[in-house]
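Undergrad: Reassemble the complex: the two chains are provided individually, in unrelated frames, and hints are given to aid placement.
Just so you know, the sequences run in chain order X and Y.
For the first sequence, this note's numbering begins at -13 and goes up steadily by one.
For the second sequence, this note's numbering begins at 219 and goes up steadily by one.
The hints are simulated quantities; they were obtained by calculation from the structure and are not laboratory data.
Don't be surprised by glycine CBs; every beta carbon is placed ideally from N, CA and C.
Just to be clear, a hint being listed does not mean it is correct.
Not everything, but these chain X residues come out facing chain Y in the computed CB check (under 7 angstroms) [to be verified]:
#1 A222
#2 A330
#3 D332
Calculated from the model, a selection of chain Y residues having no Cβ within reach of chain X, i.e. all distances over 12 angstroms [what the hints assert, rightly or not]:
#4 R224
#5 L247
#6 R258
#7 S265
#8 L295
#9 L296
#10 R317
#11 M345
#12 A384
Read off the chains here:
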Amino acid sequence: MSAALEVRGLRIAFGADPVVDGVGFQVASGECIAIVGESGAGKSLTARALLGLTPADARVAVDTLMIDGTDATALSEHGWRALRGARIGLVAQDALVSLDPLRRISAEIAEPLRLHGLARGRSALGARVRELLRRVWMPDAERRARQYPHELSGGLRQRALIASAIAAAPAVLVADEPTTALDATVQARILGLLREIADAGTAVVFISHDFAAVRRLADRVLVMQGGAVVESGLVAEVLEHPQHEYTRQLIAATMHDPRVAPTTPSEPVLVAAEVSKSFGGVPAVIDASFALAQGRTLGVVGESGSGKTTLARMIVGVESPDAGSLRWSGAPRVQLVHQNPLGAFDPRWTIGRSLREALEAAGVPRARRADRVAELLAEVDLAPELADRRPSAHSGGQRQRAAIARALAADPEVLVLDEPVSALDPSVRERVLRLLARLQQERRLTMVLVSHDLDVVGAVADDVLVMQDGRIVEQGATADVFAAPQHPFTQELLDASGPVSP
Amino acid sequence: MRRAERVLLWAAVAVLAVIAFAALWPGVLATGDPLQTDVRAALLPPSSEHLFGTDQSGRDVYSRVVYGAGRSLGIGLLATGVALVVGLVVGALAGVAPRGVDAAMMRVNDVLMAFPEFLVALVVVAMLGPGPVNIAIAVTLAAVPVYVRLARVQTRTLRHAEHVEAARILGVPRLRAFTRHVVPGVLGTLSVLATIGIGSSILAAAGLSFLGLGPSEPTPEWGLILAGGRNVLGQAWWISVFPGIAITVTVVSATVIGRILRARADGRAT
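Isolated chain Y (complex conformation) (with noise of 0.2 angstroms):
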């Protein structure tokens, strides 16, 4: 690996460090309660008392960014892992499937896939209704397609690789050398592009928020926070700028480690 690779790898990892702390630990952090609303103190600029500022309810908002932390990062994994699981089993059985039965799968995941994830997690929350819960079923749906190509396409070649082959001439059973042999496979391409996926996942997940359609008042989440400063953006510029610098440098680190693993997998495949 280059040297500005490795910095920025490692800077990243640091970054994601700090923000998986705050959601697990965010009482360590925050140097206030999230919550508390102080209308004398409405407004104020950052300073050494509230680091990120106040809100219009008086809020310290650098507290409520801390707290947010774990909402963010939590509906990217979570739903990353749960469009993982999905798209492997879903993927997987495209992959062993007639012709017929694949081709009608995929078909319907080719129209999934031919809309941007973001319009497919809207038209799911339209469909259910807004709502904490339902932004994270919403985000989840929006990211299964690309797993089920990557699972259905890797799952084929597997299936017919020669160490599979292998394995069946020694006498391993037809199903133990596919479930030993090509969904660990299947299932380690698919780790590599979830990485990449989690900081879009939070991404859509905050996205949804900023639009009114996750969790309400007065949750502390990003995408709602950074919405909340929306009207008073010119007075007011800290209540939105620090959510949003909170979302890309966890956006962006989540990518930044994804690729390079994908890098160094692409790497060693060859």
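Chain X extracted, bound-state conformation (with noise of 0.2 angstroms):
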């Protein structure tokens, strides 16, 4: 059988810098071929590429790009036209604005079909569309064709823009990281259509940097790293014998063994009894009754919408309880650290300037604050001269540790943080936690951690709360509610998120 894409020498460069240099590899039909790298790796770029859609001021050369029996080496724009839709299908990461915000879900479906001259008459585009919002799963698709884009969660509008990109039954599907902004749940059901559309003969390239998402769906992977391909090869032969040093440490990034919690007792620094919150009455937290213990960190585990981040807040008491108590032995002293560091720091001050700014506000005396500022950052391995740069000349993890070292300014027993690494790269993310576990250690500091992902909760949370429409419905010893989940929403959670460790 034929590729029904190859590609050969495939080098991508904006001016003199190479982007992506020299890629190669082919997809047979009923393939999945998975691209896995770390923002900057040029693997959403090389996707582009496949459909001839690189930005205007990028210099793209390739030696051989074979798309279903076409040779797209060198096509003219008009050429590209009628291969993409046709031949090649892309599915972007962001549904929301993929699809266009004032037209209907069944035109937007329809839309390649009459481009391609596949359906003629309403009646016969009527019932393609129904059939594709079928074969892709849509719930109550009837009502969902005649609906907008933002009437739809994240997750349809993911299966709208997959059903517009097979539309007109293309022999290749790119997908670049369709996955990444959905919940766990929500995620491991998309993972499971596009496998179903690989299998039903369609060539699909999956673009991600997430290892778990990659064995859920892919038959070979391409790691990248700085425009070029390390390592390749079948994914159950990467994931056991990983060759490249890259490559070990992405799928250690991504995949780790849930925490054993030392057992040893500790005195519970906040006992929750029955804590309710709602907003306009909508209830956003029901009945939550938990105990933070000294020095642990505990995990809040749950989807968007199911309470994590109104719990979090209680406990650092931004928001306060309708109903129930939060009980702390003595005055707490607690953190909070943003989910994302880029809009905690006012974005006209340096970074020095808000740590100046935090110290001030713990009572720290001005002579001393310059060099407990120093301090702070080295505690979170950022150099001090980062100190005179505002938070955009960051990057995302410096952003991140900082926004950490000002938490820490106030000198906390309780550190709560909401989803402090969902932003991050994987091997950024692994630094971040590693430098938690680290604090937790030096400062005997209490923690809670906020997270939708139960890779990150498994590897740092000594306990383990599961949230889901606002109800606690499991909480333990994070080791024990991995191995035995008890709740059928979090044997859902962790069969979604893949078994961590086989």
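TA: Given below as structure tokens:
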């Protein structure tokens, strides 16, 4: 069987800097190949080049590019237009921006059919759209077809986008991080759908930074670093015996063993009893009862809208519960690390000035502040000269470290972290998690870690608390919950993230 | 920044620099006394002696335009500056006020915004009476509503911004967090808008003078000089055309700089 897609010697450069350097692979019909790497590895650009969609200022050169038997090595824009959608389709990361907000779902899916003349007449189009929606398992398809993108949840939007991408039955489907913004259980369903499409005979190119997702979906994997492929092979083999150091790092960073916590009991610093909170009549947290043990890390897991952030904010004291009580032993010093460190710093201030403000608020005398800033930065492994830069001049990892340093300025006993690593690349995430573990030991911190990512929680939390629709459905020691989940939702979550260790 | 944009920016800066120089040290640039009449030299066309010609009373138009720069630029800067401060204070108050108070303030503001700035200024002059001080007040008041609106919405947004909340959680007192993080942020946005506003304030002031509502003869003021040449436009175009050019290049330069600054500020925000 010939390959549905063949690329040889793909090189992309901006000015004199090569961003993709000699990438080549082929994908057969019915096969799924994954391209894995971190931001800046060139994987998204590679995906775009497969569709002739690189930015105007990029210089693209390729030795061979065969798409479904057509030579696309030197194709004009006109030639590309006949190919895109019909022979090769794209599913982008963010379905909300990829779908036209002013067009109904049915119109969006019908467009490729009409453009490539695959269905004529209103009834034929309608029938084909309905068939496609069924194919992507769109629930309540008749009604969804008449709705606009903003009326659909993230997962359903992604389904609609996939339906429009496969509408003209392309031989190749490129999926660029199609599940990154989705909750774990939804992500699992979309990955299942993509696997189904591959099994039905489409060649799928799956771009991701997440090895756990790759394992669930792909047959073969290419690992990219700095614009070049550093390792490739069958997924099972690469996972089992990674040859390249970078591959090993990536695998370690996306798949952890659940932590086995010391069982030595410690005093609770906080006891919450039947805490509830609602916003405008909509309950966010319902009857939450739990204890926060001194010196341990409590992981709070749930999907978006499960109430986990509201719970965290009540612990910090930014929100107060409508009912129930949060009883602290003594006067607590609690600090919060926000999900988005870029928003959490004043954009006009340097990091150093923000840190000095935190020290001022904590009552550190002016003369001591400059030294303390340097000490705090050193504590989170940041160079002291970074204090003179504004937040926008830092990388995501540096900003999150700076945010942690600022929280430490107040010398807290309890640190609440709201999705502290969800915006970070795997290897950066790994370093931030290691930093948190170190800080906890050195400072005897009690931590609350809120995350949608079971893998992250499993890696750092001693105890875990699973939330669904505002309720705590399961809690206990992390190792116990991961080994023997009791609640069906926990089981679904664990299934969705894949077996954490085989 | 693109090359064409950079050239445009520097050209605008150069024009404003010359006009600012004329405003600060008119004596250096002027070739004569702006008030000196000479009936024998009336209505002379532009020449090496009188660069922009002379008017009906034989006054040197070039010197009058140079001496007029201070008044025009001054009123533009002053009106914009005062409008910005008033807008910031009123808008920030509306931004933190209870819903009812905020709504009342904003409806009044909406009414003012519904009329063109120039019309509002005219009404104010009609109430206060003509005169240079009154047109300054009128131009200022007319410019205020835009700043109020922008300051209010920026205050509302920034009040709930994550970095302001972060400061509060760290223990920074509410008022201090407001003056440190919210107010400077609002001011930054307003000052970009103000650069564009300088041009329209200069234009409004010149317009009011042109209608005879500002300073009276023989004060050298661009709008007034322009009006003075109106009746002899057929024979002596230079009396009106040169102050007209002065107004145009000043307003266009200020607006160009303002727009480029705003584009850069927007680019930085995203």
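Undergrad: Does each hint hold? Answer for all of them.
TA: How the hints compare with the structure:
1. A cut of 7 angstroms between beta carbons decides the hint on A222(X): the least distance to chain Y is about 43 angstroms, and the hint is violated.
2. Restraint check, A330(X) versus chain Y: the minimum CB separation of about 5 angstroms is within 7 angstroms; hint holds.
3. Because the closest C-beta pair between D332(X) and chain Y is about 5 angstroms apart, less than 7 angstroms, the hint holds.
4. Even its closest Cβ contact with chain X, about 19 angstroms, leaves R224(Y) beyond 12 angstroms, as expected for a residue assigned away from the interface.
5. Here L247(Y) stays apart from chain X, with its beta-carbon at least about 39 angstroms from theirs, past the 12 angstroms limit.
6. With a minimum CB-CB distance of about 62 angstroms to chain X, R258(Y) clears the 12 angstroms threshold, and the non-interface call stands.
7. Residue-level check passed: S265(Y) sits 54 angstroms from the nearest beta carbon of chain X, beyond 12 angstroms.
8. The beta carbon of L295(Y) is kept farther than 12 angstroms from every beta carbon of chain X, the shortest such distance being approximately 24 angstroms.
9. The beta carbon of L296(Y) sits about 27 angstroms from the closest Cβ of chain X, which is more than 12 angstroms, so the claim that it is off the interface holds.
10. At roughly 15 angstroms, the least C-beta separation between R317(Y) and chain X is larger than 12 angstroms, which holds for a residue marked as non-interface.
11. Distance to chain X confirms M345(Y) as a non-interface residue, since its nearest Cβ pair spans about 40 angstroms, more than 12 angstroms.
12. At roughly 5 angstroms from the closest C-beta of chain X, the C-beta of A384(Y) falls inside 12 angstroms, breaking its exclusion from the interface.
Hint compliance for this structure: hints 1 and 12 are broken, all remaining hints hold.
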